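Chains as they are written, first to last, in this note's numbering: chain A, 1 to 260; chain B, 1001 to 1299.
By construction, these hints were calculated from the structure, which means they are not laboratory data. Since we're looking at a predicted model, the values are computed, not measured. One or more of the hints may lead you astray.
[To be verified] Just the calculated beta-carbon pair ranges, DEER-fashion: (1) 167/A <-> 1085/B: 24 to 34 Å; (2) 238/A <-> 1076/B: 52 to 62 Å; (3) 248/A <-> 1283/B: 47 to 57 Å; (4) 1284/B <-> 183/A: 41 to 51 Å; (5) 1268/B <-> 141/A: 46 to 56 Å; (6) 13/A <-> 1280/B: 45 to 55 Å; (7) 1079/B <-> 61/A: 48 to 58 Å; (8) 103/A <-> 1130/B: 51 to 61 Å; (9) 1079/B <-> 181/A: 16 to 26 Å; (10) 120/A <-> 1279/B: 38 to 48 Å; (11) 1085/B <-> 13/A: 21 to 31 Å; (12) 61/A <-> 1279/B: 54 to 64 Å; (13) 1298/B <-> 118/A: 15 to 25 Å; (14) 1076/B <-> 113/A: 16 to 26 Å.
[What the hints assert, rightly or not] The following residues of chain A were derived to be distant from chain B, with all beta-carbon distances above 12 Å: (15) 37; (16) 55; (17) 136; (18) 153; (19) 184; (20) 186; (21) 196.
[Unchecked claim] Cross-link-like lysine-lysine pairs, in silico, DSS-like; alpha carbons within 25 Å at most: (22) 26/A <-> 124/A; (23) 1293/B <-> 124/A; (24) 1285/B <-> 1295/B; (25) 124/A <-> 1295/B.
For every residue, glycine included, the Cβ atom is placed at its ideal position computed from N, Cα and C.
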Amino acid sequence: MLAIKNIHKNFGGIRALDGVSLEVDKGSIVGLVGPNGSGKTTLFNIVSGFYKADSGEIFFRDENIGALPPYEVARRGLVRSFQISKAPNRMTVLENMLFACDQQTGESVLGSLFKRNQIMAQEKTQIEQALSLLELTGLTALANEYSGTLSGGQRKLLALSRILMRDPDLVLLDEPAAGVNPTLILKLMEFIKEIQTKHGKTFLIVEHNMNFISSVCNRVCVLDAGLKIAEGSPEEIQKNDVVLEAYLGGREKGRKGAKQ
Amino acid sequence: MGFLDLVLYFLIMMGIYGILTLSLNLHYGFSGLVNFGHVGFFAVGAYTSALLTLNGAPFLVGVISGGLAAGIVGFAVALPTSRLSIHYWAITTLGIAEVIRLFALNEEWLTRGSFGLIGIPQPLISVFSVRIYPLFYLGVVLIFLAFIFYAIRCLVNSPFGRVLKAIREEDDLALAMGKPVFHFKVKVMALGAGFAGIAGALYAHYITYISPLDFMPIITFVLWSMVITGGRGSEVGSLVGTVVIIVLYNSTRYLKDLFNISGQTVSSLRMVAIGIIIILVVLLKRGGLVEEKKKTFNI
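If we strip away everything but chain A, and leave its shape as in the complex, we get (with noise of 0.2 Å):
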């Protein structure tokens, strides 16, 4: 479904992704782990579309994706979240998740002032959505509260619940459970893995909670400094030396350990 190939971004003189390749199968949960500043982010910054790679291509659904801005690449079905959830000061929970959809008749200048039935029968149905994915999330008692009022866990909830309004076939998930209690995260991991599950979606999500990683994904991909040191299933990964120094001994070795 994704298909991530020969990626290199540099920042400067910092070299944040140095050839990095990846594929996503459909349905699949695949996890991205590595040490702070290994390129994880970065990553995701690339194929959402906010920043250009310096050389390197993106498929998604066999499309090249590598130029395309990144409401064009959320509007093919590849949906992100961040990892400092941006949550609007003054705009309610429920209007988040309004928002989020596409194809509204009235996000034009015209159909808004002159279709307001078929706007009205749209948030009808809109807002049943909005409801029973914030029920879900349990968020529902906040839905008419400032999303700039909830807490970082919340905010996490409510970006899962604002990216599954948009029905994406690809979910890029920056440390959802990042600030999220122990009850809510094992929550969050019946309810992710109930959609891939249930309707077919497909998730890569970052994450430095590895008892989430090896629970909730097929397959693990580390990065450190820019490479990726190593990729299978998440049994796999924990066993791999060259993983557990990439995480606990020098960054140099780590290096080494990839190039054999």
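Please arrange chain B on chain A, whose structure you already have, making use of the hints.
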């Protein structure tokens, strides 16, 4: 000028400024665009309508063309600048308004420069007596105000307005949710500019004389004081802010009857009064006199 004439004059000016404030609020309050050049669009509308009607076009054609011309200028301004970050964009708009004013001042073949345009025709002037005419014109202004108020209310309460709010608060989020942020900014700039152009045309036909001096940058900042006082992101607030500031702006002239101060001091005091109001609002009522309404749904 009798008392009634004065009241009518103020009401008409409140209507015209109401349109301006609403349109600036559409830019700043609803979309987060810090537009410091609103007076430029006002000027484009005034000159366009004045020139057209002086050359024989009917009033309505003039007003609508004024709105269209200002909208096109807004569109043209937004195209190259909408990718600028907010502070640079604010400076750019300030500059553009000055460019428009200096154009009007220097291109004498078109605008008669500093002499200004005189004898701008008024609609249906022969039908009404001189005493009644302002009342009729007030009606015309109020009809435009009502239409624009309704249009803006529809726009900001629709999905279009939700995207604007999202752009105002978190533009990266809007991009990630598939919204072409740039297109929305350009559209809303053109719309707000167009409404300001209509206000400009109404002004020109009311005063019947316009010159570059009518379009000094201070107008933009008076409009800002109206938006801030009334409440950013509130369309009712824009009207309240307009009334409050206009009353304040003009009531200082009566101070000289109460106290022994010169006319010059009085005109300076106007700005002081507006400055104090802005400070009070920022300190005591951040969201303005009428705060942005939270959009809630029955669930």
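Status of each hint after checking the structure:
1. A hinted range of 24 to 34 Å for the beta carbons of residue 167/A and residue 1085/B is consistent with their spacing of about 33 Å.
2. One distance hint, 52 to 62 Å for the beta-carbon pair residue 238/A and residue 1076/B, holds here, with the actual separation near 59 Å.
3. The beta-carbon spacing between residue 248/A and residue 1283/B, approximately 54 Å, falls within the hinted interval of 47 to 57 Å.
4. Roughly 43 Å separates the CB atoms of residue 1284/B and residue 183/A, a value that falls within the hinted 41 to 51 Å.
5. A hinted range of 46 to 56 Å holds for the C-beta pair residue 1268/B and residue 141/A, which are about 54 Å apart.
6. Residue 13/A and residue 1280/B have their C-beta atoms about 51 Å apart, which keeps the hinted 45 to 55 Å range intact.
7. Restraint check, residue 1079/B to residue 61/A: a C-beta distance of roughly 32 Å breaks the suggested window 48 to 58 Å.
8. Between residue 103/A and residue 1130/B the beta carbons are some 55 Å apart, a value that agrees with the proposed interval 51 to 61 Å.
9. Between residue 1079/B and residue 181/A the beta carbons are some 47 Å apart, a value that contradicts the proposed interval 16 to 26 Å.
10. A hinted range of 38 to 48 Å for the beta carbons of residue 120/A and residue 1279/B is consistent with their spacing of about 42 Å.
11. Residue 1085/B and residue 13/A have their C-beta atoms about 25 Å apart, which keeps the hinted 21 to 31 Å range intact.
12. Distance hint check: the CB atoms of residue 61/A and residue 1279/B are about 56 Å apart, consistent with the given range 54 to 64 Å.
13. A C-beta distance of roughly 20 Å is found between residue 1298/B and residue 118/A, which places it inside the suggested range of 15 to 25 Å.
14. About 23 Å separates the C-beta atoms of residue 1076/B and residue 113/A, a value consistent with the hinted range of 16 to 26 Å.
15. Its beta-carbon lying about 21 Å from the closest one in chain B, residue 37/A satisfies the requirement of being farther than 12 Å from that chain.
16. At roughly 23 Å from the closest C-beta of chain B, the C-beta of residue 55/A stays outside 12 Å, upholding its exclusion from the interface.
17. The beta carbon of residue 136/A sits about 15 Å from the closest Cβ of chain B, which is more than 12 Å, so the claim that it is off the interface holds.
18. Taking the minimum C-beta to C-beta distance to chain B, about 18 Å, the non-interface status of residue 153/A holds against the 12 Å cut.
19. Look at residue 184/A: its CB is around 22 Å from the nearest CB on chain B, clear of 12 Å, so calling it non-interface holds up.
20. For residue 186/A, the condition that its CB be more than 12 Å from all CB atoms of chain B holds, with the nearest at approximately 27 Å.
21. Non-interface status of residue 196/A relative to chain B is upheld: no Cβ of that chain comes within 12 Å, the nearest being about 21 Å off.
22. With a CA separation close to 32 Å, the supplied pair residue 26/A and residue 124/A exceeds the 25 Å bound.
23. As the CA atoms of residue 1293/B and residue 124/A are separated by approximately 21 Å, the hinted pair is consistent with the 25 Å bound.
24. A C-alpha spacing of about 20 Å is found between residue 1285/B and residue 1295/B, which places the hinted pair at or below 25 Å, so the restraint holds.
25. Annotation: proposed proximity of residue 124/A to residue 1295/B holds, straight-line Cα distance about 15 Å (limit 25 Å).
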